[in-house]
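Trainee: Take a look at the letters that make up each chain.
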Amino acid sequence: MAYGMIIDLKKCVGCHACSVQCKAANATPPGVTRSRVERRTIGTYPNVKTEIIPMLCMQCGEPSCVPVCPVGATYKREEDGIVVIDKSMCIGCQQCVKACPYGARYFVANSEGYFGDVLAEWEKKGYVAYPAGTVDKCDFCLSKTSQGEIPSPACVRECLVGARIFGQLDELQSMIKSRSGYQLEPFRRKPSVYYLP
Amino acid sequence: MSLLLNVADSWMEESHPQVAFECCLNAKQRKFVCTKCRDICPNKVYNSPGCAWVLCEDCNLCVVACPTQAICPSSSTLGNFLHLLGTDKGIVTIACDRADATADLIVSCFGAVPWEMVACFALDAVVALDTGSCSICDRCSEKDQLSDMLARAARFLGTSYFTEHVRFDLAVPEVTGVSRRDALGSLLNMFRKTAAGLLPNADLQKSAYSAFYRKVLVGRLQKMREEGSALPVTWETPVFSEACTACSICSKVCVHGAIQVAGDAEDETVRYILHAGHRCVHCGLCETLCPTGAIKAWTTYSVSDVAAAVSTRIICVQEPEARKVHV
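For the record, the sequence lines run as chains A and B.
Heads up: the first sequence at position 35 corresponds to 35 in the working numbering, and the numbers run straight through without jumps.
Heads up: the second sequence at position 162 corresponds to 162 in the working numbering, and the numbers run straight through without jumps.
Simulated from the structure, these hints should not be mistaken for lab results.
Accuracy of the hints is not assured; some may be wrong.
Claimed, not checked - Cut-off 16 Å, straight-line C-alpha distance, at most; resulting in silico cross-link-like pairs (EDC-like, lysine to aspartate or glutamate): (1) B/K252 to B/D58; (2) A/K87 to B/E242; (3) B/K296 to B/E242; (4) B/K31 to A/D86; (5) A/K76 to A/E62; (6) A/K190 to A/D86.
What the hints assert, rightly or not - Label-pair restraints from in silico Cβ distances: (7) B/S135 to A/A109: 27 to 33 Å; (8) B/V239 to A/G116: 56 to 62 Å; (9) B/A27 to A/L142: 18 to 24 Å; (10) A/V128 to B/V303: 53 to 59 Å.
On a predicted model such as this, the values are computed, not experimentally measured, just so you know.
Note that beta-carbon positions come from the ideal geometry of N, C-alpha and C, so glycine has one too.
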């Protein structure tokens, strides 16, 4: 069993609500953008088009970040296929940051907040989960889910146009097939996040 | 009732080793599972998650078996050792409790004697080991343990010094010095006094009691050096081969902080790896976790200053940027 996500690029308007909600829900420190939206321009004038691609950790089937971790602090959970980091074990060597082809991993260098050393109340509460000198990544909001419950990622919950669908990968397959969804897969890592054109 | 429990608790702590879990290999990494303590324990203390100390016989085997020396000996074991270290005797006899001899230090097994302990005694006395009953005993699972221990002590002290100060042919005298009971009597006071004098203060702060025997040995050698009678000793050090990129992963994983990586003030591509042999307990964690497999072989170096470190010069090559999707 593995969780997966579908992002409908036809519906996505690039409003960054997912990025904002992710920040709000997880209280990630500056520099950590677990969910982000990338834009690129394709074609030449006059046939130009801007592509909007929301990015997050792809929870790869064969992650490139897992084997490079020297201490084995990052691993793929067998029960739900989510790649997680054991922060107590992470030594902050950033090998996984280099290895991730999607740029989905972020290094938390210090414990400073958005307003410098003095932390706001919200930051004080949230930054407990981000010790300085460790690496952080999206975990489908697993850290906000209690034991035994199905995770409900903030980006999916709060998407204004409902472009994101979260669920078990097997159940999502039929929809992916019918609409010829694709993975961002230049490195054959079997990502669990699919994009619908 | 709570008072009774408290008393029982403190008594229990005195009579069994304690584990500094922050130094345990299994808390440091997830690549492999270390089961050395579980394998060697004759009473299966470590088989249950919280360690079933009720079963513990205080044999000290796990303390020696632990690769990172994360297990601290019980205070009675420590008391016996430190008491004997404090007394000014010309000869220290060690025997195993299967032999009928009376000795200064009775151990449960020679597999439970760390080489640091033998080296400590050998610094200012002759150590007599009564290993006669080892040939008929099958207690310690690995027979090599005794010879390994002796080989390491011999390498550390130098062969000639070792043969002068460690003997096996001496008949263990009938009744000498303190008996075990006497040692136990004055144990706590002696322990506190001697421990305070022997341990370098800086090491007492964090995970104070891991690698305890090593800290006592180093503290003693430093004291000898201050007094002007330095003994050249030999430490082990890893060889950093050409594959090393000075990524400083080894320095981050090292349990006892034996490895440090320093940059060069003038040249950015040059880095120095400093390995402090007196802190290294040869657990092999750096060797196993090195991503480039740069540590393959180990070598030795002799110094008169105990705390001297070995420096390796590494020229770093800029790694090519990994390919990324978009941007």
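Trainee: Each of the hints needs a verdict: does it hold here or not?
Mentor: For each hint, the structure was consulted:
no.: 1; hint: B/K252 to B/D58; in the structure: 33 Å, violated
no.: 2; hint: A/K87 to B/E242; in the structure: 31 Å, violated
no.: 3; hint: B/K296 to B/E242; in the structure: 11 Å, holds
no.: 4; hint: B/K31 to A/D86; in the structure: 13 Å, holds
no.: 5; hint: A/K76 to A/E62; in the structure: 9 Å, holds
no.: 6; hint: A/K190 to A/D86; in the structure: 23 Å, violated
no.: 7; hint: B/S135 to A/A109: 27 to 33 Å; in the structure: 59 Å, violated
no.: 8; hint: B/V239 to A/G116: 56 to 62 Å; in the structure: 45 Å, violated
no.: 9; hint: B/A27 to A/L142: 18 to 24 Å; in the structure: 22 Å, holds
no.: 10; hint: A/V128 to B/V303: 53 to 59 Å; in the structure: 44 Å, violated
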